[in-house]
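Undergrad: Assemble chain B onto chain A, guided by the hints.
Each chain, written out:
Protein chains: 2
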Amino acid sequence: MSDFEQHIKRYLDSQKNCLITDAMAYALDGGKRFRPRVIFSILKGFRIEEEKGYDSALALEMIQTYSLIHDDLPAMDNDDMRRGKPSLHKAFREDIAILAGDQLLTDSFRVVADSKSYHPETKISIISALSSYAGMAGMIYGQLLDVTTDSSSIDKEKLFEIQDNKTGGLFKIACLIPMYIAGIDRKDYFTRLGSMIGEIFQNQDDLFDLIKTEEEMGKNLSDAKNDKGTALSVYSLEELRKLIDDEFEELNEYLKDAVFDTRYLMELLNILKER
Amino acid sequence: MSDFEQHIKRYLDSQKNCLITDAMAYALDGGKRFRPRVIFSILKGFRIEEEKGYDSALALEMIQTYSLIHDDLPAMDNDDMRRGKPSLHKAFREDIAILAGDQLLTDSFRVVADSKSYHPETKISIISALSSYAGMAGMIYGQLLDVTTDSSSIDKEKLFEIQDNKTGGLFKIACLIPMYIAGIDRKDYFTRLGSMIGEIFQNQDDLFDLIKTEEEMGKNLSDAKNDKGTALSVYSLEELRKLIDDEFEELNEYLKDAVFDTRYLMELLNILKER
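Just so you know, the protein sequences line up as chains A and B, in that order. Taking this note's numbering, the leading residue of the first sequence gets 5, the next gets one more, and so forth. Taking this note's numbering, the leading residue of the second sequence gets 5, the next gets one more, and so forth.
Heads up, the list lumps identical chains together, so a pair's fine if it works in one copy or across two of them.
Each computed DSS-like pair below joins lysine-lysine, with the alpha-carbon atoms no more than 30 Å apart:
| hint | residue 1 | residue 2 |
| --- | --- | --- |
| 1 | Lys48 | Lys277 |
| 2 | Lys162 | Lys191 |
| 3 | Lys120 | Lys13 |
| 4 | Lys120 | Lys56 |
| 5 | Lys120 | Lys191 |
| 6 | Lys20 | Lys162 |
| 7 | Lys94 | Lys162 |
| 8 | Lys20 | Lys191 |
| 9 | Lys20 | Lys160 |
| 10 | Lys20 | Lys89 |
| 11 | Lys216 | Lys246 |
| 12 | Lys277 | Lys260 |
| 13 | Lys94 | Lys36 |
These are calculated hints, taken from the structure and not from any lab test. Keep in mind the model is a prediction, meaning the values are calculated, not measured.
With the rest of the complex left out, here is chain A (with noise of 0.2 Å):
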């Protein structure tokens, strides 16, 4: 078990032993931790040891990992499996679910602001960004995108706006946190590294559903993709190998300009193409 996975189960130790803990930890486990080893590497690449980001990266995973269960509710997208498993409000009861969801989200500020490893303006720095690019600057407000946008009257513009704002939202938190630990002053330029992040992580990850759908499916299912709002929806295969070619090519351009060591950032992305 990684350190920071020994982190997260140190958190859940510590909590109150019943019901709530026992789906917060059920939900929690499992997940690819990528939003945390953008923190753990942009971090490294200002020479600060990884611990010190474990609290701020916990409280990502945890309101990451509320999102997927309220998105996963009967009401939401009415999705039964998760990484391969019942989702939380079928292992469990929708209003376990819906709790669990609230508490991970409410105790995800608790972890920072009881936090040991931050100054009390890092502190507030970080629930700021947690608040408002988890909330109507970024994940609510594209989810409410998502469930309120006629299927058929996508385009591109609004498929990147739903991304930007939904996945987006919590990879300009994962930029900003290490900018915030750092003590720099650069928001703007980490915030549209973020943007940059979540983008190619989206469309890397509609890219790699599909074709794993079509190799255990045997065809092609770009069609029944299609009502899913999933960059599929507005391109072709080919078009979408092509943007994100492109926009990894965008990327390495605007590391250029980073005030930070990015070889560990990019090793990190560099998976993204392989999994």
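TA: Same frame as chain A, now just chain B:
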């Protein structure tokens, strides 16, 4: 419109013009603002103007409102009405209600983090109190107890544990916020004060509900109330009246040790009797 109501309106006006903001406005409308008034009356007892409490009172009211929205959902209490109008998931949609609740909770922390009224250390203390007592040290834990407790097995101790977490949690916050703003360090005293006020508030609420229902329906509904886990499931009407009188007396004693002028809080609590 009171100054605090105008503060809530200014907050809503500053938000994105979208369905979630409409839903938040709908849900925030019509509250009695009792928890904010606890904050203001203690602040006045510290000779601090109540405006100083507006941002944290707004945050607390947002958390109270989100909890009502999620509690009313079909998977939870399945209540179609709230404050004499359709509950949020009936007036809007269930997915919008879940998202609006999530956004109220998320943004409550941003309201405190971005406030111009508090020092960073004070913000951290307030955020820590909000996330603890609205979470596993209070409201959410109380809600878990509520949805998992078999009403036939409920006794006075269990009922108190549910109330002291579910209702008491936010009242503890309402008492801690002015303490932090005043820069006083008597956490045990103010937490206990919140617990006592929450207990009286909840018992009075149950009592008035019953009296009102009996008057309207012209019959004794205490049996029907039994399965709702209110005070009337373990106390007779007369026992409950006596309990509340005793609790008021105990509170008056307790307030003799207060480090603030208690007359404003007393005035507010007396309103409770006459509701």
